[in-house]
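**Q** The chain contents come next:
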Amino acid sequence: MSTAAETPMQRERVVTIFERSKEGRRAAALPPAGVPERPLEELIPAALLRAEPPRLPEISEPEIVRHYNRLSRRNFDLDTGFYPLGSCTMKHNPRLNERVAALPGHARLHPAQDPRRAQGALELMWLLQESLAEICGLPHVSLQPSAGSHGELAGLLLTRAYHADRGEARHKVLTPDTAHGTNPASVTMAGYEVVKVATNERGGVEMDDLRAKVSEDVACLMLTNPNTLGLFDENIAEIAAMIHEAGGTLYYDGANLNAVMGHSRPGDMGFDIVHVNLHKSFSQPHGGGGPGAGPIAVSERIEPFLPRPQVVRREVENGGRSLAAAAPPDQLLPALTGAGKNYYFDLDHGRPRSIGRLRGFQGNFGVFVRSYAYILSLGADGLAEASETAVLNANYLKALLAQGRAGKHIPIAFDRHCMHEFVLSGAPMKRSLGVKTLDLAKRLLDFGFHPPTVYFPLLVEEALMVEPTETETKESLDDFAAAIEEILAEAEADPEITRKAPYTTPVRRLDEVRATRRPVVRQPLD
Amino acid sequence: MSRYTSATEADREQMLAAIGVAGVEELFEQIPEPLRLGRPLELPQGMGEAEVFERLSALAAGNADAEHEICFIGAGMYDHYVPAIVDAITQRSEFLTPYTPYQPEISQGGLQVMFEFQTAMSELTALPVSSAGLYEGPSSVAAAGYLALGATGRRSFVVSRGVHPHSREALETYSRGYGTEVIEVGLEDGLTDAAALASAVDGDTAAVFLQSPNFLGAVEDVAALGEAARRHGALLVVAVDPMTLGVLEPPGRCGADVAIGEGQPLGNRLDFGGPSFGFFCATEAHLRRMPGRIAGETVDVDGRRGFVLALQTREQHIRREKATHNICTAQALNALGAMVHLAWLGRSGFRELGELLVRRTAYARERLAEVDGVELLHDAPVAREFAISIDVPTQAVLDFCAARGIAAGYPLAREYPEYENGLLVAITERRTREQIDALAQAIGAAIEAERDAFVGDSAEKARQPQEVR
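Chains as they are written, first to last, in our numbering: chain C, 1 to 526; chain Z, 1001 to 1469.
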């Protein structure tokens, strides 16, 4: 593999859209006002009017298209290559989902539309709630949280409301040392104190440490299961009993739900609150950092506190007084007045014990459409098969990487069957070859792969966290293992090659320290 | 139904052999037996692509969307025209399918978009720093509160009743976690009550929250109101509608420390409320407390210009419980849509669009004010949305208009019981003069019909002479 010659993309001069601006160019063609063109000062006091317009670029449409298409080519993406980013579930994003999300009935529906005139959307949300409730094994779902960490915050605020309702003020939240960084960050935002729990030699929660830390001061234990090592915590039933006995709630970080769909349910494990990352397990595209959605499923005792508003299905009351009677019939769409319906969907704004709103309107509906389409496509059998194949793929790749040079230089951190992901340690490689996990990751870029998650979880030295997902072929797993082998062989011969990688990417290693010490976070103009 | 997977039977056999197990069940044995589901999920079986499409099309058809009726509803999200290139660019695989740019060498496209977006939002708000975007408007208001607590060490917020009700409620929700008190200041003739605001702010106030145009559409004198915050050393947080910033004085020139807002009007669909994005801009002093990703410019080992996620020491994946916010996945693709839309509008188009909104809104406001039975809820200046009061029940008027293909606006009663018959009417460049005239006519006819019905119901009233318009 080449390490020297500058590629055409590397030779491209990097120019921002602001630097492409040229006075007098434009793209927009706006409609005429069609109303009297009165001076703005007649309508709004001059003091409240903007003196100088924002310096947006002056640029034509062809240039905009070319600019962003060229930029797009400077991205690596899932549609192009293997993306085994641990805990991120980079599974295929079906284009069908994009198509149905773009239907005008979804895409151009105003969020404040009268619920009677948004029955399709509310029904879709209700169906998604019901589906997620079944998948999670918990009776109630709120779709409102915007992403996983937003779901975590919601879960902690629910925990706070639950305890407050019982007249209790608890201060601590337990998180294992393998937890995602969002867990402790959410704990702090919710006004709680983080208490870390150690991990045992099997990769699960260290039970003695947990026992020592559980008290009546503990509001909640947040757990990922399978955890970030990709291992199912076999003691979960005992853990749940311990927390519940002490009066705490049990929170399930659903980032790893892709391992267990249709096989095991957080509710059955004893969890009270679960968040689901629709952008992970349910195929919403990641978009380079969102949008996602982080619905939460909860047990009966948590339900009264769910965010407002809640999508509900109401039975028609008053002896057959139908929805059609509740609104002038000529304004209702045929789908609503379909014969035989004795229920309708609504937004419940009441909920007196609710924690309130977490965000505007009803949540990331466009994400709900995609995820519901995904659930319909796979169905009960397909979801279980997806998790099964995800686990098969992970164990297969783990087996491949246990052989040869990988087995020697980057051994598995906890050697047992994994679920949907596994963690390797680059520590031996660092000691024997002087090559760090970061170097290996960067060299993988030259081989056309997105690297695994690196340096996480924190308790594994030089960690590499690998999650292949179910949508990868055996061939792509073979190719990835072969690339690792080749890189390690190369590093054994000359570690400098790896240490200086990458060579072929649009830019090479970037100075991140400079970007933080002397931050330049916008384009200077003039 | 097996979908989107590719393992054949032969693949499976080989893979299981390599793992050294007889079947996949063995891999699931780490789940204790009682916790294994042992039955299929109670969900329908999988469907073919065409079936799924038909099913979702049928659900979509159960909605009255802005393609099929004339939408005057706003309240934070607006039926703007999104140029075709936004869809073309945001649907490209290279933007649609990557993760957050943790590997900058292969994420320069996304990182540069973030940098450009930050520049654009910084220009719009006239504040020097911007994050790469948060979830949406109201939670960004709550995030500004969290920043203010850290920056001031104080424990209370003062918020105008003109701030979007969803924002106020999100701030309340988050505040129960933050352990802060939220004090609300009322409105006078559509504008924040300046005297009440001044007396509500004191040395415990971490931040003062204003919105302009406020929820009733009124353009606030932010600079004057913000004096109260400055006097007591509280942060001034201003929520803005980005589409008005071509014509209205930006928060950065009105003394704001933080400007946030709902980004949907820029390049994003209505989508029944999301996904859109929130923006978050601030003065330089707050850069290291900002929530969300921030792209920064740097160079590579060969001196090439490049971009990285900067200031990651603020973030959860580095700082964990000491992070300045918990946000991870946000709304990068939606921010890209906004950037493309802003580039398309460009320096002159952005201002022209703002002017168009102001003029059409003025026209619509005057037109509706002429309707018998309609009064303006306030006389304050407006930009793209205004509030009226109707002397018959608002719901009846809304239903009457809906039957004629017009979504007349947003009723204020639930969130503002003091404006029981209040209606918020929003204008975009898609709402033509003819449509505005049709709205005025429909509201007028609805009021007449409602009065007639009332008169018809009441024999006594029926004998009284009717006032002729």
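Heads up, some of the hints might be wrong.
[Said to hold, decoys possible] In silico DSS-like pairs for lysine-lysine, Cα to Cα no more than 30 Å straight-line:
| no. | chain 1 | residue 1 | chain 2 | residue 2 |
| --- | --- | --- | --- | --- |
| 1 | C | Lys436 | C | Lys408 |
| 2 | C | Lys196 | C | Lys172 |
| 3 | C | Lys22 | Z | Lys1322 |
| 4 | Z | Lys1322 | C | Lys436 |
| 5 | Z | Lys1322 | C | Lys408 |
| 6 | Z | Lys1322 | C | Lys196 |
| 7 | C | Lys500 | C | Lys196 |
| 8 | C | Lys341 | C | Lys408 |
| 9 | C | Lys196 | C | Lys213 |
Because the hints were derived from the structure by calculation, they are not lab data.
**Q** What's the verdict on Lys196 (chain C) and Lys213 (chain C), does the C-alpha distance respect the 30 Å limit or exceed it?
**A** 9 Å, holds
**Q** Just to be careful, I want the Cα atoms of Lys1322 (chain Z) and Lys196 (chain C) compared with a cutoff of 30 Å; is the pair within it?
**A** Given that 30 Å is the threshold and the Cα spacing comes to 14 Å, the pair holds.
**Q** Quick one, are Lys436 (chain C) and Lys408 (chain C) close enough, alpha carbons at most 30 Å?
**A** 14 Å, holds
**Q** Against the 30 Å threshold, does the CA-CA distance of Lys341 (chain C) and Lys408 (chain C) hold or violate the hint?
**A** 64 Å, violated
**Q** Does Lys1322 (chain Z) pair with Lys436 (chain C) here, judged by a C-alpha cut-off of 30 Å?
**A** 27 Å, holds
**Q** Holds or violated: Lys22 (chain C) and Lys1322 (chain Z), Cα atoms, limit 30 Å.
**A** This hinted pair is violated, its Cα atoms lying about 44 Å apart.
**Q** Taking 30 Å as the top limit, are the C-alpha atoms of Lys196 (chain C) and Lys172 (chain C) close enough?
**A** Given that 30 Å is the threshold and the Cα spacing comes to 10 Å, the pair holds.
**Q** Starting from Lys500 (chain C), check that the Cα of Lys196 (chain C) is at most 30 Å away, please.
**A** With a Cα-Cα distance of about 37 Å, the restraint between Lys500 (chain C) and Lys196 (chain C) is violated, given a limit of 30 Å.
**Q** Below or equal to 30 Å on CA atoms is what counts here, so check Lys1322 (chain Z) against Lys408 (chain C).
**A** 37 Å, violated
This entry does not satisfy hints 3, 5, 7, 8, going by the numbered hints stated previously.
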